[in-house]
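Knowing the structure of chain A, use the given hints to seat chain B on it.
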Amino acid sequence: MQMRAKWMLLVVVCFTMLLGCAKSQTTETSTSANKEPETAQTTPAAEEPIELQFYYPIAVGGPLTKVIEDMTAKFTQKHPNIKVNSVYTGSYADTTTKIQAGIQAQQPPDVAVMLSTELFSMLDTNAVIPLDDFIAKDSSFNKEDIYPAFMANSQVEGKTYSIPFQRSTIVLYYNKAAFKEAGLDPEKPPTTWEELTQYASKLKKDGRQGIEIPGSGFAYWMFQLFSLQNAKDVNQNLMSEDGKKAFFNTPENVEALQYWVDLSKKHKVMPEGVIEWATVPTDFIEGKTAMMIHTTGNLTNVKNNAKFDFGVAFLPMSKQYGSPTGGGNFYIFKDIDPKKQAAAWEFVKFMTEPEMAAQWSIDTGYVGVRKSAYETELMKKYAAEFPQALVARDQLQHAHAELSTHNNGKVSKALTDQIQAALTGTTDPATALKKAQEDADKALAPFNK
Amino acid sequence: MTTAKWGERLKRNGFAWALLLPSLIFLGLFTYYPMLKTAWLSLHQSDLATPKPVFIGFDNYITMFQDAVFQKVFTNNIWFAIGTVPTSMALAFVMALFADKAMRGRGFVRFAYFYPNMIPMIAVANIWLFIYTPQYGLLARFASWFGQSDMSLLGHPDTVMGALVVMLIWKEAGYFMIFYLAGLQNIPKDLYESAAVDGVGVWTVLRRITIPLTMPTTLFVAIVALTNAFKLVDHLWIMTKGGPDNASSLLLYHIYDTAFSFYDQGMGAAMTVVMIVLLLVLSSLQFFGWDKKIHYQ
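Protein chains in written order, with the working numbering: chain A, 3 to 451; chain B, 211 to 507.
In isolation and in its complexed conformation, chain A is listed as follows:
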């Protein structure tokens, strides 16, 4: 009798579990059925409710999920029929991983912020749509208003695939108090590589470095600034525009890497080895380094925490000024209802409107992506109080696309590994870049067939 009761219980348990599985399966199929595009009508009727899945990463400090929530709430106020479910998806890498998993399961989000350099990976996985039709049809969106340096990473073969959102460049931060102490004019930051070395050696003392340049995770990005500044031609970048070729091993690049290595090995104004990305701003704030080269994304952090007067300047030049851009763009995904794509476009447009771009820039330290953002009252007021915020914007005329190619993960890692090898003294710059070029060529070979 008791045995029987046990059996019954077991059967019941098993059935409930099976039911649970079956149920989740049916809901899944029904949602995917809903996603079948209704080809008859593509323009969204104003009153028809639409829900958007929006994935976004956060890469700088501060309570930014709240800022994003506020922005999406404002959007829904303006477009009551579109509800945006904003999902914070961790770092850039986590976000991309989640999106890739979604793409494989044919359940991508509708709109997302990802690194601008993911473009070729997104195209190779056939995941995103070009936005040219939206841009052409939409008179309220002026593409020319977006800084061309930021658009460079969005475009390939004449098509635009993403809209810049949280974008940065690299600038020189310097400690004005330390400049005074070393007998340097605090209003005259170094403008050339020679000056940078000279100033740094004057600023260096016991317990204080002359300059710090991070070499950990984003070494390829930091290297790109030296490379752009030292390039023979102003428009010579580390890669071809179609993302199929890498140009790492050039005499100018070897010089550029040699200069970076020399700052510590020869001139002794920078700590030896690879300097950790995250500790550099802390070192600067603590006065342990008199200058640092870092992303503008840290501007707000330094402003809030530095107890001394600091300046922000253009990166010193070799043959010309130069900096890569960085950061994230909006992408709209393929294989979703065209009505959702249209709604997503409205959302992207709203999020990059001048007022929004200005507010986002002030809250984060990212550069406002549109020229008109700097014409808003909000930004004018902020810039008057804090002129350092304008330096990155002004430097944009010398900025170029961030390293972005097909097979981007492998190509940028090939460069980062070898830069680190050169910085730690395992190899010399010429051998390092030769090796990086070989690895990159190998990774790009399938795309050059």
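Since the hints were derived computationally from the structure, they do not count as laboratory data.
Predicted model, so just to flag it, every value in this text is computed and none were measured.
Watch out, some of these pointers could steer you wrong.
[Unchecked claim] Below, a list of computed lysine-lysine pairs in the DSS-like style, where the Cα atoms sit at most 27 Å apart:
#, chain 1, residue 1, chain 2, residue 2
1, A, Lys161, B, Lys262
2, A, Lys100, B, Lys247
3, A, Lys100, B, Lys441
4, A, Lys182, A, Lys207
5, B, Lys262, A, Lys247
6, A, Lys437, B, Lys282
7, A, Lys373, A, Lys161
8, A, Lys451, B, Lys262
9, A, Lys436, B, Lys282
[To be verified] Footprint (simulated), chain A over chain B, 3 or more residues, beta carbon under 8 Å:
#, segment
10, 450-456
11, 459-473
Think of the CB as a built atom: it goes at the ideal place given N, C-alpha and C, for glycine as much as any other residue.
Chain B alone, transformed into the frame defined by chain A:
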């Protein structure tokens, strides 16, 4: 005849099987099925250049074993295991002996040893990142008394692995101590009493009673420690990203990089298979080989 046997067997074992069924379903669904699927995927080329997987046999494995980065990462992982496992186990054993004997503040001692294990790996990585920071990090301040403050342990290929090994030992030893404590308490007290009556020295007691009788614990801890040496990679995201130049990269981290930053899923799957086989061999060696040499009583 066979049918009768089957019927009898089913009667005897059926209930046990039925009880196992739910967990077997889940294990199959979330462990064995993905493993088989991974093995199958590892025989394909599936990366950004080939959106539709192409069957290529064992090419991924051949490329993998020739790949300098894979070789480096693999050797790194072996050194990481050699560095962390014996030391953390020995330390755990000594700590357990002390925590077992400590008369006063027993609870406090145990807690103090165990607490690193309660902190998530990510937090540990952040703490140790600060400890290792040049110039004003904890270690740098300490070293500055000896006139050495600019050392950047995480920034040099020669020192980075050692620095990470020390951190992991700190984190793991307390965890293993708990197992040893339990093991020590299972040793019958009369053994020690009779040893004391016979006037046997402390070292002999340790060598002849304590160590042999905690061997089952040692076996278990060794398995956990070895697999952990291959499983724990969270700290790499925070501290080094596998750098400089892959000097601190570990197998699992490299697998993640390959599969999710390079989108090279075929290769990622092949490496995963290597990792699974390695862990299976390690644990089976212990279960089938060493098992016989252990005194359970």
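For each hint, the structure was consulted:
1. Only pairs whose Cα atoms come within 27 Å are accepted, and A/Lys161 paired with B/Lys262 is accepted, the gap being roughly 25 Å.
2. Taking the CA atoms of A/Lys100 and B/Lys247, the gap is near 20 Å; set against the 27 Å cutoff, the hint holds.
3. Straight-line distance between C-alpha atoms of A/Lys100 and B/Lys441 comes to about 21 Å, which keeps the hinted pair within the 27 Å bound.
4. Using a Cα cut-off of 27 Å, the hinted pair A/Lys182 and A/Lys207 holds, with the two alpha carbons roughly 14 Å apart.
5. With a C-alpha separation of about 23 Å, the suggested pairing of B/Lys262 with A/Lys247 holds against the 27 Å cut-off.
6. Straight-line distance between C-alpha atoms of A/Lys437 and B/Lys282 comes to about 16 Å, which keeps the hinted pair within the 27 Å bound.
7. Restraint check for A/Lys373 and A/Lys161: satisfied, since their Cα atoms lie roughly 21 Å apart, inside the 27 Å limit.
8. Simply put, A/Lys451 and B/Lys262 have alpha-carbon atoms about 17 Å apart, close enough for the 27 Å limit, and the pair holds.
9. About 20 Å separates the Cα atoms of A/Lys436 and B/Lys282, which keeps this hinted pair within 27 Å; it holds.
10. A stretch counts as covered by a chain when three or more of its residues have a beta carbon under 8 Å from one of that chain; for the segment 450-456 of chain B and chain A the count is 6, and the coverage holds.
11. Judged by the Cβ-Cβ criterion of 8 Å, the segment 459-473 of chain B is covered by chain A as claimed, because 5 of its residues qualify and three suffice.
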